[in-house]
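**Q** Residues per chain, in single letters:
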Amino acid sequence: MDRRPPETGPLVRVREVRKTFPLPGGAPVVAVDGVTFDIDAGGVVALTGPSGSGKSTLLHMIGAIERCDEGVIEVAGQPVNGLSSAAAAAYRRGIGLVFQRFHLLPTLTALDNIAVPVMPLRTDFDKLARARELLDMVGLSDKATALPSRLSGGQQQRVAIARALINRPKLLLADEPTGSLDSHNGAAVMDLLLRLRTEQHTTIIVATHDTGIASRCDRILHLKDGRLTGLT
Amino acid sequence: MWSMTMAQWRVGIRRSGALVALIAAAVAAFTLLTSAATAERLDAVGTVVANYRPAYDILVRPTGTRLPLEQQRNLVQSGQLAGMNGGITLDQWTAVQQIDGVAVAAPVAVVGYSMRTVPVEVDLTSQLDPAAERQVLRIQPTWVTDAGLSAIPDGAAYLYVTRNPLRQPPPTKYVGQLIGPREHSDGTAVLVCADGEGAGISPLAGPARSSLTCIGGPGSTGYDGRPVTAAPVLRLGWSIPFLIAAVDPVAEAALARVDAAVTSGRYFTDGEGPRPYSFPEPLSNPPVLSYDGVPILMADRPQVDTALRLDTQRLGPAAVRTLRTVADQNQVRTELDALPGATVDQRQVDLQEIYPGFVDRIRDPATYSGDYIYGDGVHSSTPLLGTYWTVGPARLLPDGDGLRAETVAQDPKIWGTGSSSGDIAHSVPMELADIGVRGGIAVHQGLDRQPTVVGRTSLPDVGLQLIGTFDPAKVDIGGALSAVPMDTYFNPGVTGADDASRRALRGATLRPNANLAGLLSQPPLMLTTIASLPRLLGEEDFNTHPAYPEYQLRPDAPISVIRVRLAGDLSIDPVSREKVRLTAARIAERTGLQVDITLGSSPTAVPVAYPEGRYGRPALTVAQPWVRKGVAVVLVSAIDRKSLLLSVLVLTVCGLAVLNAATAAMRTRRLELAILSCLGWPRRKILSLLLLEAAGSGLAAGMLGTALAVGGITLFGMPTDWRHATLATPAALALTLVATLWPAWRATRPDPAAAVRPPVSLSLRRSRAPRRISGLALANLSRTPGRTLLGAAGIAIGVSALTVLLAITFAFHGAVTGTLLGEAVSLQARTVDYLSVAVTVLLGVATTADLVYLNLQDRSAEIALLSAVGWPERLLHRLVAIEAVGIGVLGGVAGAGLGLGAAGWFVGHVTAPLTWCAVTALLTGIAVSGLSVLVPMAVLRRLPTAQLLAEE
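So the protein lines, in turn, are chains G and Z.
So for the first sequence, the numbering used here puts the first residue at 1; every next one is plus one.
So for the second sequence, the numbering used here puts the first residue at 1; every next one is plus one.
Hints are computed from structural coordinates only; laboratory data are not their basis.
Bear in mind that the values here come from a model prediction, so they are computed numbers and not experimental data.
Virtual Cβ for every residue (Gly too), placed ideally from N, Cα, C.
Keep in mind that a hint or two might mislead.
Label-pair ranges, simulated between beta-carbon atoms [what the hints assert, rightly or not]:
hint: 1; chain 1: Z; residue 1: R683; chain 2: G; residue 2: S149; range: 45 to 53 angstroms
hint: 2; chain 1: Z; residue 1: A21; chain 2: G; residue 2: G153; range: 40 to 48 angstroms
hint: 3; chain 1: G; residue 1: S85; chain 2: Z; residue 2: L789; range: 31 to 39 angstroms
hint: 4; chain 1: G; residue 1: R168; chain 2: Z; residue 2: R683; range: 48 to 56 angstroms
hint: 5; chain 1: Z; residue 1: L692; chain 2: G; residue 2: S149; range: 35 to 43 angstroms
hint: 6; chain 1: Z; residue 1: L741; chain 2: G; residue 2: S85; range: 41 to 49 angstroms
hint: 7; chain 1: G; residue 1: S149; chain 2: Z; residue 2: L789; range: 21 to 29 angstroms
hint: 8; chain 1: G; residue 1: L231; chain 2: Z; residue 2: R683; range: 55 to 63 angstroms
hint: 9; chain 1: Z; residue 1: A838; chain 2: G; residue 2: E133; range: 54 to 62 angstroms
hint: 10; chain 1: Z; residue 1: L692; chain 2: G; residue 2: R168; range: 56 to 64 angstroms
Produce the entire structure from the sequences given, and follow the hints as far as they go.
**A** Right, dumping it as structure tokens:
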């Protein structure tokens with residue numbers, strides 16, 4: 001199935017999305033409160049805001065990791081909210097996810113970590129060849145057999161980005177991708193993400209509280225207390 | 001420190017509660033199981049000791065009578081007394097009696113079978129057609145035996161009834177002339193019921209078994225011209241063999257208390273032998289018989305399975321025509337046999353009904369002198385012993401795990417000579433026409449010591465003199481679980497050994513019948529004394545025919561077996577056992593006879609294939625009740641070893657469960673302990689803190705465990721002192737402290753930085769990374785080898801326990817195969833066995849489930865990542881299941897190996913069935929480890945993926 005979004009119109013539609021988390025013995029915490037925005041295909045958008053502003057929650061809802069309580073989220077015209085467990089898993093295989101803590105499996109080599117999303121699945125492409133290609137793309141072709149413990153933070157994040165691209169996603173969600181890196185490695189990772197947009201026309205949403213990183217994006221959506229307070 | 005301990009319990013209340021619950025359950029289970037196992041051991045050993053001493057301690061038989069199967073399997077056969085005709089001399093018996101320690105040496109000397117016959121009267125008045133002038137009835141006797149499986153048709157008895165007078169002419173028979181009554185009617189006289197020619201034929205042949213009786217109306221006369229009035233009552237003969245055996249009155253009373261089993265008359269006196277008697281017999285020549293009467297004590301009930309079925313048919317006019325037109329009686333009966341008839345009556349007579357007739361005719365022969373029934377060559381109602389038969393042992397050949405009875409061709413002449421003249425009584429039973437499995441049948445005919453005088457009937461000189469009757473059920477043959485061959489009084493019969501045979505027998509028991517050559521032989525129904533043997537076995541009194549050298553009468557060695565009971569109380573202790581062994585060795589040494597120690601033995605079933613009979617009995621495999629020697633010692637030894645093994649197993653499993661729980665508790669507190677270490681807490685302080693917490697948990701668990709154990713003891717009504725349950729508290733405390741010590745010591749290691757590193761160790765030397773789910777799962781297991789091994793150990797203990805317990809069951813069936821005592825004891829043992837298996841397996845599951853759960857917790861971020869990148873839930877479940885099954889396989893293989901070794905020690909050697917036990921336990925362990933992922937899988941569904949991924 002071709003999961004690529006249509007070339008025209010917004011790739012991501014977010015309408016009046018609201019998400020709360022219950023607190024034991026207290027009032028629920030509103031993480032995202034009536035957020036609405038669109039993101040066109042091929043754009044690089046930064047979600048900024050202080051800690052607890054709802055960036056990650058919004059990103060997780062777009063990635064079908066969390067469900068919104070209210071509102072609509074559509075990606076390539078497909079409603080994301082309300083998917084079954086199996087459908088959500090299938091949806092997530094069509095997008096890319098990058099995390100602050102990399103989340104590489106410590107028992108797998110860099111090459112195998114890249115192939116993890118498709119490891120248990122049948123694909124119409126050679127998994128390892130594709131993984132090698134991505135490893136080469138992120139400049140780590142000499143680290144194919146290295147375990148994560150032998151890689152630097154920047155290298156681990158690049159492996160994580162390569163892993164997110166194994167299914168040729170049109171949408172990449174990156175949650176604080178530079179948060180665990182020094183400024184040099186953080187800039188390198190951001191370079192890589194922008195190159196992806198240029199070379200592969202990947203739409204990228206980056207959650208970050210680093211204004212330097214955000215400034216390199218096409219648009220910035222600023223969140224505070226779960227509300228969208230600024231659009232640039 | 002107290003405040004920290006309390007705070008720890010407060011904060012980690014769920015985990016602490018789970019730990020306390022687990023320890024409490026483990027120690028309660030241990031307390032209950034050890035209580036039950038102790039009580040069970042006492043019960044089981046008590047059962048064995050109570051049934052340790054059978055009716056006699058040593059069995060002495062003639063040399064060469066032991067079957068190979070007896071030798072191979074430590075068995076003693078039973079049901080063979082009838083086929084053992086002597087072999088032990090009176091001197092050897094005396095030698096046995098004189099051996100130190102022998103309290104009773106009771107001999108049995110088998111003499112042989114005497115055939116006795118009594119009449120069975122069949123009143124046919126109501127079956128007659130009152131309107132018919134002449135009519136013929138056919139009475140078809142059928143002997144029903146072998147638990148109803150065999151129906152043996154006998155020759156038909158015909159009854160001709162006419163309203164016309166039958167007049168018997170004077171007996172002026174000459175060769176070629178047929179004589180008999182003539183029926184007078186309408187001025188004519190027609191010969192009916194002519195006497196047959198009486199050619200000598202086999203007593204089992206058809207013409208010798210059929211009869212014709214004629215009854216006339218008013219005006220009928222006999223030979224002497226006097227009027228005869230006869231009722232339509234047919235008298236058929238019923239013959240059964242009576243096995244005669246000689247015993248020593250004093251020894252038999254001491255061994256089996258036969259004197260107390262006498263139900264009429266009296267018991268033998270000491271040294272009682274034959275005495276001269278005379279008997280008035282008006283029809284004999286001379287009219288007063290003189291003979292030596294051997295004293296006889298007769299069973300007051302039959303032990304032969306036979307019933308007589310009588311079908312009465314009314315024949316049509318053609319039968320009357322045949323009877324009036326054909327003079328030759330043989331031909332008349334042959335033609336009547338071919339005619340159809342209408343059934344007018346069916347009835348059955350059981351042997352029990354007529355058995356008193358056998359006793360009465362020997363007790364008071366004068367009263368029954370008018371029976372006119374001849375058996376064994378002399379008038380049946382005389383006390384004379386005209387003929388008796390001896391038979392050889394059943395011919396049994398090895399066949400698989402059991403034996404096969406081989407058919408032996410029988411010479412019908414051995415049963416004597418019958419007459420075709422149409423007698424209504426037969427001297428031998430029809431069951432003899434069935435197949436036989438015994439050879440060497442010999443007939444011994446009584447002789448007259450006085451020279452034959454012309455004109456004087458030659459009659460045997462030996463007779464049977466009934467002095468009393470006894471009840472075989474009142475004879476002391478020992479307890480059911482330790483019964484030894486006491487063929488002298490009892491034949492328990494046989495049941496089906498396989499499903500087909502049990503179905504064929506419809507669950508009934510196959511018992512001896514009147515076929516002397518059959519597989520099963522009756523016990524002696526007539527007992528006499530050893531002092532009478534010279535008159536019963538002497539060549540001057542009996543002539544053996546035909547001359548089978550191996551079964552000649554053996555007056556020089558008349559005794560078949562000697563049963564020996566030793567003096568004093570004998571228990572299962574080694575001293576008593578040695579005493580019996582020494583006595584047995586002395587008997588063998590001084591007499592050269594074959595000796596078997598029956599002390600501590602128990603009945604066991606030996607399968608014997610019995611060929612198909614001629615009259616409906618299908619081929620059967622029957623379970624013959626033999627005896628296995630030395631069962632008691634084997635059982636007590638097995639019970640002791642099993643008891644020890646169970647306690648060790650349960651304790652180990654409980655300890656392991658606590659160790660796992662304690663280790664997990666320590667692991668969850670690594671960060672906290674590292675912080676304490678960083679803050680400068682000395683190691684011993686941290687250790688004290690942990691042990692204090694553990695002691696608190698152990699105490700709480702002990703109190704809870706005590707409550708659970710007391711509840712269990714009360715609920716299950718266990719015969720155990722409830723105070724035994726209070727052991728749970730110190731046991732829980734000790735177990736918790738011991739199990740906590742090592743993980744606590746490790747947790748307090750002096751490198752605080754190491755303690756706060758991620759808990760998952762990494763394998764940095766992997767050369768080949770896993771690319772399949774199974775590979776990934778196994779890689780995960782190898783990341784935490786200690787934890788994996790702990791989980792595997794839990795499964796291993798469960799599997800090894802299961803292997804051993806399965807082996808115990810096999811041991812009871814293998815070491816004491818199917819013995820009644822073994823079955824009784826193993827039945828008592830099963831409850832605790834099953835409970836132990838259940839507890840060990842459940843604790844194994846709990847340990848594995850806890851381990852998989854902890855693994856998931858530690859790797860929750862990885863699981864969340866896999867979920868986030870699109871792995872479907874089923875693949876995540878598969879990953880977890882493979883990890884659990886991997887632990888199961890590892891633990892299962894180790895446990896099966898351990899269990900097999902322990903089982904080998906228990907049984908004495910590793911056998912194929914034990915290996916199968918281990919394989920079964922291994923598969924069970926793997927399956928159970930798969931089940932253990934159910935709870936962790938439920939946790940997996942609730943994993944907060946987003947939170948875990950966002951966690952910094």
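**Q** All hints, please: hold or fail.
**A** Hint check results:
| no. | hint | in the structure |
| --- | --- | --- |
| 1 | Z:R683 / G:S149: 45 to 53 angstroms | violated (29 angstroms) |
| 2 | Z:A21 / G:G153: 40 to 48 angstroms | holds (43 angstroms) |
| 3 | G:S85 / Z:L789: 31 to 39 angstroms | holds (34 angstroms) |
| 4 | G:R168 / Z:R683: 48 to 56 angstroms | holds (55 angstroms) |
| 5 | Z:L692 / G:S149: 35 to 43 angstroms | holds (37 angstroms) |
| 6 | Z:L741 / G:S85: 41 to 49 angstroms | holds (44 angstroms) |
| 7 | G:S149 / Z:L789: 21 to 29 angstroms | holds (23 angstroms) |
| 8 | G:L231 / Z:R683: 55 to 63 angstroms | holds (58 angstroms) |
| 9 | Z:A838 / G:E133: 54 to 62 angstroms | holds (56 angstroms) |
| 10 | Z:L692 / G:R168: 56 to 64 angstroms | holds (59 angstroms) |
Violation of the numbered hints given earlier is confined to hint 1; every other hint is satisfied by the structure.
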